[in-house]
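Enquirer: Heads up: the sequence lines are chains A and B, in that order.
With the first letter of the first sequence counted as 1, position 179 gets the number 195 in this note's numbering; the numbers rise by one all the way through.
With the first letter of the second sequence counted as 1, position 175 gets the number 228 in this note's numbering; the numbers rise by one all the way through.
These are calculated hints, taken from the structure and not from any lab test.
All of these numbers come straight from a predicted model, not from anything done at the bench.
Built from N, CA and C at the ideal position, the CB exists for glycine as well.
One or more of the hints may lead you astray.
Claimed, not checked - Computed Cβ-Cβ distance ranges for the label pairs, DEER-style: (1) A:T23 with B:K193: 46 to 54 Å; (2) A:D128 with B:K193: 39 to 47 Å; (3) A:E170 with B:Q191: 44 to 52 Å.
Stated by the list, open to error - As a list, the in silico DSSO-like pairs of lysine-lysine whose alpha-carbon atoms are at most 27 Å apart: (4) B:K161 with B:K193; (5) A:K20 with A:K134; (6) A:K134 with A:K45; (7) A:K55 with B:K172; (8) A:K85 with A:K20; (9) A:K45 with A:K132; (10) B:K330 with B:K252; (11) B:K259 with B:K161; (12) A:K132 with A:K63; (13) B:K161 with B:K79; (14) B:K330 with A:K150; (15) B:K259 with B:K213; (16) A:K85 with B:K161; (17) B:K172 with A:K85; (18) A:K85 with B:K213; (19) A:K85 with B:K79; (20) B:K79 with B:K172; (21) A:K45 with A:K55; (22) A:K55 with A:K132; (23) B:K193 with B:K79; (24) A:K45 with A:K156; (25) A:K20 with A:K45; (26) A:K150 with B:K79; (27) B:K213 with B:K252; (28) B:K161 with A:K156; (29) B:K161 with B:K330; (30) A:K150 with B:K161; (31) B:K259 with B:K330; (32) B:K252 with B:K193; (33) A:K55 with B:K161; (34) B:K259 with B:K79; (35) A:K55 with A:K156; (36) B:K172 with A:K63; (37) A:K134 with A:K55; (38) A:K45 with A:K85; (39) B:K172 with A:K156.
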Amino acid sequence: MSEKRITTPLTEEAIADLRSGDRVLISGKILTARDAAHKRLVELVEKGEPLPVALEGQIVYFVGPSPAKPGQVIGSAGPTTSGRMDSYSPVLLELGLKGMIGKGYRNQEVRDALIKHKAVYFGAVGGAAALIAKRISSAKIIAYEDLGAEAIRELEVEDFPAVVVNDIYGGDAYQEGRAQFERKEAAGT
Amino acid sequence: MRELQAAAITDAVARLAKEACYFLPKDVVDKFDSALESEESETGRDILSQLRENVRIADAEEVPLCQDTGFTVVFMEIGQDVHVTGGDLNEAVNEGVRRGYEEGYLRKSMVTQPFGERKNTGDNTPAIIHSSIVPGEQVKITLLPKGGGAENMSALAMLKPSQGRQGVVDFVLNTISNAGPNACPPLIIGVGVGGSFDKVAYLAKKAILREVGSQNPEPHLAELEDELERRANDLGIGPMGMGGRTTVMDVFVEEYPTHIAALPVGVNIQCHSARHKEVVL
Chain A
17 MSEKRITTPL TEEAIADLRS GDRVLISGKI LTARDAAHKR LVELVEKGEP
67 LPVALEGQIV YFVGPSPAKP GQVIGSAGPT TSGRMDSYSP VLLELGLKGM
117 IGKGYRNQEV RDALIKHKAV YFGAVGGAAA LIAKRISSAK IIAYEDLGAE
167 AIRELEVEDF PAVVVNDIYG GDAYQEGRAQ FERKEAAGT
Chain B
54 MRELQAAAIT DAVARLAKEA CYFLPKDVVD KFDSALESEE SETGRDILSQ
104 LRENVRIADA EEVPLCQDTG FTVVFMEIGQ DVHVTGGDLN EAVNEGVRRG
154 YEEGYLRKSM VTQPFGERKN TGDNTPAIIH SSIVPGEQVK ITLLPKGGGA
204 ENMSALAMLK PSQGRQGVVD FVLNTISNAG PNACPPLIIG VGVGGSFDKV
254 AYLAKKAILR EVGSQNPEPH LAELEDELER RANDLGIGPM GMGGRTTVMD
304 VFVEEYPTHI AALPVGVNIQ CHSARHKEVV L
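Construct the complete structure from the given sequences, taking the supplied hints into account.
Expert: Here it is in structure tokens:
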């Protein structure tokens, strides 16, 4: 199984080609946001006010990087746990967000929203933060600078490694992967 | 009575913070290598090789292995014949955290008022400090940067004594199963059994510091560790939860006498970025 190369912004065609369990290498511009930035974005949507970033066709990466050392584009930058964004993600998908990168389970509401709005959830390797930083060629803060590590950044990435967790067909790499390798004597525990 | 300057403790903590966040212990790296050999899932092997490469980059460039440089948990074993002079001991530790996290470009993740304002303290203090008094005239400091994702999936139960060994096994496996991909497997599982509500969590936390591959010297605990490790890996969760044979790198169980009415069990989950570093002053 080789990796599929995809570039941002994500097209409908590219999304339709992705299946849960596919390994991908992502290139192009992506946005970052985690807990605090999501909270602010959704509060703006609820008030009917414009967002500081355009989400259509974009991928949001759930990350709060460590501070950059002198000479670094960005500090270590692995994914954070996505489940904390579950209450916000459906709102952003409604606005045209097409991809999310994080780690860990999404709830049913998010998985349903991915199918409805034809978007994809990717899992990156948690803790591979020094490696992922090497695949980021530029980083600039574009909103909420006061949030520090949690500010919204625009990253230029090259061959960012990830796995399709939830596709637009209802596939789930966590469930499928586990079912494939589970030894049943462990069941019922 | 030996005198030890508080400043020496600050220096040691600052250094430990940086080194712990940059350099993964050899026993953990060796386990990545052996898991790469034994893992049957192709995606699982790909993830393990990314982790191996990540270790190489962090080591060569002296950058954090993971952006989450954690709660700073500090264990101090203080010899009873040591006299700390020139400052407050706990403040000396916090000053070391402050300095190490700033100088080391480590992320500051501690916030005040957990259900309210959640304002970042800006320097990763306060540390979570566990001190104990031991014989001798040395101070052993162990620093454990503990990531939030795995800590969030940890759990504690006050079982009924009648639930016995089976109750312990079920609770540990359920906790690992619920954690799934969220806690960044392959995991190290620290299990405490017995003591009180607070003691059992402490036992579980201390257990994750053990060397990967080690066994509890008590035969009944070593046997429990083996069974838990085998059955956790049979869950099929695999590296980063994508499916595979390597769900845990090791399971460590520690026990303590308890009350006639009690059977406390604590499960502290450590992600694969199992960072810790110690020094003896």
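Enquirer: For this structure, which hints from the list above don't hold up?
Expert: Result: hints 2, 8, 18 and 20 break, sorted rising.
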